[in-house]
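Please build the complex by placing chain X on the supplied structure of chain H, with the hints as guidance.
Listed in order, the protein sequences are those of chains H and X.
Numbered according to the working numbering, the first sequence spans residues 1 to 620.
Numbered according to the working numbering, the second sequence spans residues 1 to 442.
Keep in mind the hints are simulated off the structure, nothing from the lab.
Any given hint might turn out to be false.
Stated by the list, open to error - In silico BS3-like links for lysine-lysine, alpha-carbon gap of 27 Å or less:
#, chain 1, residue 1, chain 2, residue 2
1, X, K337, H, K576
2, X, K337, H, K585
3, X, K193, H, K576
4, H, K585, X, K340
5, X, K272, H, K585
6, H, K559, H, K576
7, X, K193, H, K587
Claimed, not checked - Which stretches of chain X does chain H cover? Using the computed rule of at least three CB atoms under 8 Å from a CB of chain H, they are:
#, region
8, 249-257
9, 287-295
Glycine included, each C-beta is placed from N, C-alpha and C at the ideal position.
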Amino acid sequence: MVPCRAPLGEGAQSCYLADMSTETIDNIRNFSIVAHIDHGKSTLADRLIQTTGTVAARDMVEQVLDSMDIERERGITIKAQTVRLNYRAHDGKDYILNLMDTPGHVDFAYEVSRSLAACEGSLLVVDASQGVEAQTLANVYHALDAGHEIVPVLNKVDLPAAEPERIKQQIEDVIGLDASDAVAISAKTGLNIEGVLEAIVTRLPAPRGDRDAPLKALLVDSWYDAYLGVVVLVRIIDGTLRKHQKIRMMRADAHYEVEKIGVFRPKMLDVEELGPGEIGFITAQIKQVADTRVGDTITDERKGCLEPLPGFKPAQPVVFCGLFPVDAADFEELRAAIGRLRLNDASFSYEMESSAALGFGFRCGFLGLLHLEIIQERLSREFNLDLIATAPSVIYQIQMRDGTMIEMHNPADMPDVMKIEEIREPWIKATILTPDEHLGAILKLCQDRRGIQVDLNYVGARAMLVYDLPLNEVVFDFYDRLKSISRGYASFDYVLVDYRAGDLVKMSILVNAEPVDALSMLVHRDRADTRGRAMVEKLRELIPQHMFQIPVQAAIGGKIIARETIRALRKDVTAKCYGGDATRKRKLLDKQRAGKKKMRQFGKVEIPQEAFIAALKMDA
Amino acid sequence: MHKHLPAAIFTALPAVPEPRECGPEPENFPRVNLPRAALTPYPRALARAIRAVMASAVPDRFDPGFGIYVHWPFCLSKCPYCDFNSHVRAKPVDEARYVSAFETELAHRARLTPGRVVSSVFFGGGTPSLMQPSTVAAILDAIGKHWSVSPGAEITLEANPTSVEAERFRGYRAAGVNRVSLGVQALNDADLKALGRLHTVAEAMAAVNTATSIFERASFDLIYARPNQTPQAWRAELKEALARAPEHLSLYQLTIEPETMFERLYNAGKLKMPDPDTGRDLWDVTQELTGAAAMPAYEVSNHARKGAESRHNLTYWRYGEYAGVGPGAHGRIITPKGRKAQASERHPEMWLTVVESDGNGLVEDDLLNASEQADEFLLMGLRLTEGIEPKRFEAIAGRPLSGSRISSLVADGMIEMTPQGRIRVTNEGFPVLDSVVADLAG
Numbered sequence: 001m002v003p004c005r006a007p008l009g010e011g012a013q014s015c016y017l018a019d020m021s022t023e024t025i026d027n028i029r030n031f032s033i034v035a036h037i038d039h040g041k042s043t044l045a046d047r048l049i050q051t052t053g054t055v056a057a058r059d060m061v062e063q064v065l066d067s068m069d070i071e072r073e074r075g076i077t078i079k080a081q082t083v084r085l086n087y088r089a090h091d092g093k094d095y096i097l098n099l100m101d102t103p104g105h106v107d108f109a110y111e112v113s114r115s116l117a118a119c120e121g122s123l124l125v126v127d128a129s130q131g132v133e134a135q136t137l138a139n140v141y142h143a144l145d146a147g148h149e150i151v152p153v154l155n156k157v158d159l160p161a162a163e164p165e166r167i168k169q170q171i172e173d174v175i176g177l178d179a180s181d182a183v184a185i186s187a188k189t190g191l192n193i194e195g196v197l198e199a200i201v202t203r204l205p206a207p208r209g210d211r212d213a214p215l216k217a218l219l220v221d222s223w224y225d226a227y228l229g230v231v232v233l234v235r236i237i238d239g240t241l242r243k244h245q246k247i248r249m250m251r252a253d254a255h256y257e258v259e260k261i262g263v264f265r266p267k268m269l270d271v272e273e274l275g276p277g278e279i280g281f282i283t284a285q286i287k288q289v290a291d292t293r294v295g296d297t298i299t300d301e302r303k304g305c306l307e308p309l310p311g312f313k314p315a316q317p318v319v320f321c322g323l324f325p326v327d328a329a330d331f332e333e334l335r336a337a338i339g340r341l342r343l344n345d346a347s348f349s350y351e352m353e354s355s356a357a358l359g360f361g362f363r364c365g366f367l368g369l370l371h372l373e374i375i376q377e378r379l380s381r382e383f384n385l386d387l388i389a390t391a392p393s394v395i396y397q398i399q400m401r402d403g404t405m406i407e408m409h410n411p412a413d414m415p416d417v418m419k420i421e422e423i424r425e426p427w428i429k430a431t432i433l434t435p436d437e438h439l440g441a442i443l444k445l446c447q448d449r450r451g452i453q454v455d456l457n458y459v460g461a462r463a464m465l466v467y468d469l470p471l472n473e474v475v476f477d478f479y480d481r482l483k484s485i486s487r488g489y490a491s492f493d494y495v496l497v498d499y500r501a502g503d504l505v506k507m508s509i510l511v512n513a514e515p516v517d518a519l520s521m522l523v524h525r526d527r528a529d530t531r532g533r534a535m536v537e538k539l540r541e542l543i544p545q546h547m548f549q550i551p552v553q554a555a556i557g558g559k560i561i562a563r564e565t566i567r568a569l570r571k572d573v574t575a576k577c578y579g580g581d582a583t584r585k586r587k588l589l590d591k592q593r594a595g596k597k598k599m600r601q602f603g604k605v606e607i608p609q610e611a612f613i614a615a616l617k618m619d620a
Numbered sequence: 001m002h003k004h005l006p007a008a009i010f011t012a013l014p015a016v017p018e019p020r021e022c023g024p025e026p027e028n029f030p031r032v033n034l035p036r037a038a039l040t041p042y043p044r045a046l047a048r049a050i051r052a053v054m055a056s057a058v059p060d061r062f063d064p065g066f067g068i069y070v071h072w073p074f075c076l077s078k079c080p081y082c083d084f085n086s087h088v089r090a091k092p093v094d095e096a097r098y099v100s101a102f103e104t105e106l107a108h109r110a111r112l113t114p115g116r117v118v119s120s121v122f123f124g125g126g127t128p129s130l131m132q133p134s135t136v137a138a139i140l141d142a143i144g145k146h147w148s149v150s151p152g153a154e155i156t157l158e159a160n161p162t163s164v165e166a167e168r169f170r171g172y173r174a175a176g177v178n179r180v181s182l183g184v185q186a187l188n189d190a191d192l193k194a195l196g197r198l199h200t201v202a203e204a205m206a207a208v209n210t211a212t213s214i215f216e217r218a219s220f221d222l223i224y225a226r227p228n229q230t231p232q233a234w235r236a237e238l239k240e241a242l243a244r245a246p247e248h249l250s251l252y253q254l255t256i257e258p259e260t261m262f263e264r265l266y267n268a269g270k271l272k273m274p275d276p277d278t279g280r281d282l283w284d285v286t287q288e289l290t291g292a293a294a295m296p297a298y299e300v301s302n303h304a305r306k307g308a309e310s311r312h313n314l315t316y317w318r319y320g321e322y323a324g325v326g327p328g329a330h331g332r333i334i335t336p337k338g339r340k341a342q343a344s345e346r347h348p349e350m351w352l353t354v355v356e357s358d359g360n361g362l363v364e365d366d367l368l369n370a371s372e373q374a375d376e377f378l379l380m381g382l383r384l385t386e387g388i389e390p391k392r393f394e395a396i397a398g399r400p401l402s403g404s405r406i407s408s409l410v411a412d413g414m415i416e417m418t419p420q421g422r423i424r425v426t427n428e429g430f431p432v433l434d435s436v437v438a439d440l441a442g
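One chain only, chain H, in its complex shape (with noise of 0.2 Å):
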């Protein structure tokens, strides 16, 4: 057993941890937990750390996982977390699992794969009474591709609803694995939790690795921390990682000198060194998390290894949009909260833009549009920004008539037509894993976007749908939709795969006869008239009245294509004066004031912040 000292904070609190020597490599086990959005996955997690002791009783509070607001709240991991417990098994032994929690949601997939690729083994968590849906289909493909032993786990059993037995079979035929030594236990009761954990130790594999051979760590994440600046996630595969030493990052080619290095329990807690099959973290005085790439390998400066892991692809922003201030005056408090943010999510990117409607703002580069909304909410959230956000667009590339290619991901900057041989647009090939009875209406949602299919087959019960799609056809809307009309059981994964020519032309937006720069947008010929009925149509209702009547337009070049009228305000005067109480007639107007600062004026008409996204949203 080694001493170790708790970080910054922990007060006298101290503690011992299982000594890391070649032997103990066999006692870890690495995992992840599989499972739907209300399967119960946070609540196994929380008592799985409760068990083994990892927090105490009266700290415990409820997804201690999940540490940023906007995580509990809409019950998505953005960031992957690790906690590691201390665990004597049945057998006598100490064992040490890391559990990891990974992000869930297609704009993050490839964060999610780097998670996975930590660890050797999954708990495929399944409610009892509901049994397999899709979000875990997916979610179990993902970890059987990272080569998971996977252990079938049953919640909520002691429900009256509960029927283990149908559920095991539905795992066996769906999915296809063994599913007779499921593990039944609540979460909620705290019933059969040990279970989870014997089989943790008996049925997932340890990891492997080589103690003497050149450091070879992989960086699953990192996130910035106010007091700590950089902190890195590492797995370390081969070798060991100590205090002090001089690293490598093999992608990024930076160097750097490990500062402290530790494990979560799940609050930080330093160690002397991480040996193979060890996750924990570093900070090496690395400034911004731009500095560090999800998925690099991390070897040591001098010593190195020869090869970098496999499976390193650089985060790759493919929506951009506007971001502006609802109020032009907070351009700078905009500017000082991106770069804020960005210290902490080196995939988003942003560069600045002037817009003739809106003033300065920046031109902003996501993972998708999950991503994107994340991001306005944190900002408005975290900074107070009342944010107006344009419609989202991808990267173009224009083919000039004079041979050069312009890459292009803003309407706005699009050069005169006359000059332009061709537009290509990115194409997608997107994997949809649907229950039988929502295909019908999948196929038709993938055919009006344009879509071709490639594949259809049938995994078990579930149809596998192969499509190739263009990109600008899926970022608006296309996972809201295909989540409702399947009533949320269908998956959806796409990887970009080519750039193809497309007919495609800029369809403007004009509110009161004056173009809304922030709402033009490139889309197909053949379904401009379709888009832009929709647009002004949800324009018509996001619009408030006002005093004069207000058309909609939608246009291509000077041609108008669809176009909605709003009525002109007919009555909203106060009917009475409450006597001499100007103050109460005053506090409307100030309410008044407030409402018009959450709207942007273009020319005489006031347009809601939510409008600009909003209108992008296509209903069927």
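Showing chain X alone in chain H's frame:
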């Protein structure tokens, strides 16, 4: 010009009334037998403050006047639509104790407003017609003791149109009241019941007749845009009202106010209110019929024959000075430091206690900054068809009105400039006044 002021504001006007475009004709009024206090000289600082705050460099043809509002907070029952400061008491109210508390508040306000000449007094509520006439007389006596009262002062009392209350009308008249405002509210018994009123149409009309025979001036209120009311039904009802109307009518559209019974019913889906389009149709009917009957609106919800406008309410809307006394009463007075917003404790018994211990019931006594005053000036002034004097806005706000906002609103037909250079809201603008004011105020 500055040299003539401030004396011109308070002494010259009530004594020698200027020709007015609206407002009652003082000479038509019998003299009210109220004692007149000597004009109290007031300090130079106050004079300076008045000059600054009243924007005295900008003479307004429309004299705002100085009014006193007296709030009587009790009702026999609470109407389901009403969110005014009204309370129902099981036991008789100790009016003598209230009289002395009113005297204390009046003395306090009088110390803050030396030299003013009272142009109007308004007893509002609650139900002031539940007061004994002797209570009203005592309050008016106290006012006469503390201020100089203009000979033509308008003394209004709000009354319920019931036979019981009509019996007290002569007593009120003897006390000095010369105008009543009757809460008739509807001209059909079913709707009166739905509005929680305790009188019938027949009783109300009898009270109107009694009132017009006793008082020089009378007005009654109607509430329209009631649940399920159609423009046709309102047209018939309003025609009848105009046939029976005295010189003045207040026609309010029903609104759902917070924490009322109607709000609960409305939220529970049990009250079908006219939609905004129907509300506008009802509004149009109102303007059409009152205009044809020579009782056009002079304010959003107030209609009068020429010269019969409520002097007291004009003080509010012209953003003049007014002292408010009684539970929950509001006031706007000018002190050496500037214009103040005042409000008294709302709860009646609490108000008594506070007044008796502190010598006044104020729970709000705040100086208003230039932009707050500018907002109030616009909010109140644009409710009047006479409109506002832009130079007075400039003097109050310390900035002119935005030229681009004015021209945009003029272009949209919402406001217009009069030949005298005043800004007023057009017939098209009035039904959307809240938007117009918000736009002009910026």
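Each hint tested on the structure:
| no. | hint | result |
| --- | --- | --- |
| 1 | K337/X with K576/H | violated (31 Å) |
| 2 | K337/X with K585/H | holds (23 Å) |
| 3 | K193/X with K576/H | holds (21 Å) |
| 4 | K585/H with K340/X | holds (16 Å) |
| 5 | K272/X with K585/H | holds (26 Å) |
| 6 | K559/H with K576/H | violated (48 Å) |
| 7 | K193/X with K587/H | violated (33 Å) |
| 8 | 249-257 | holds (count 4) |
| 9 | 287-295 | violated (count 0) |
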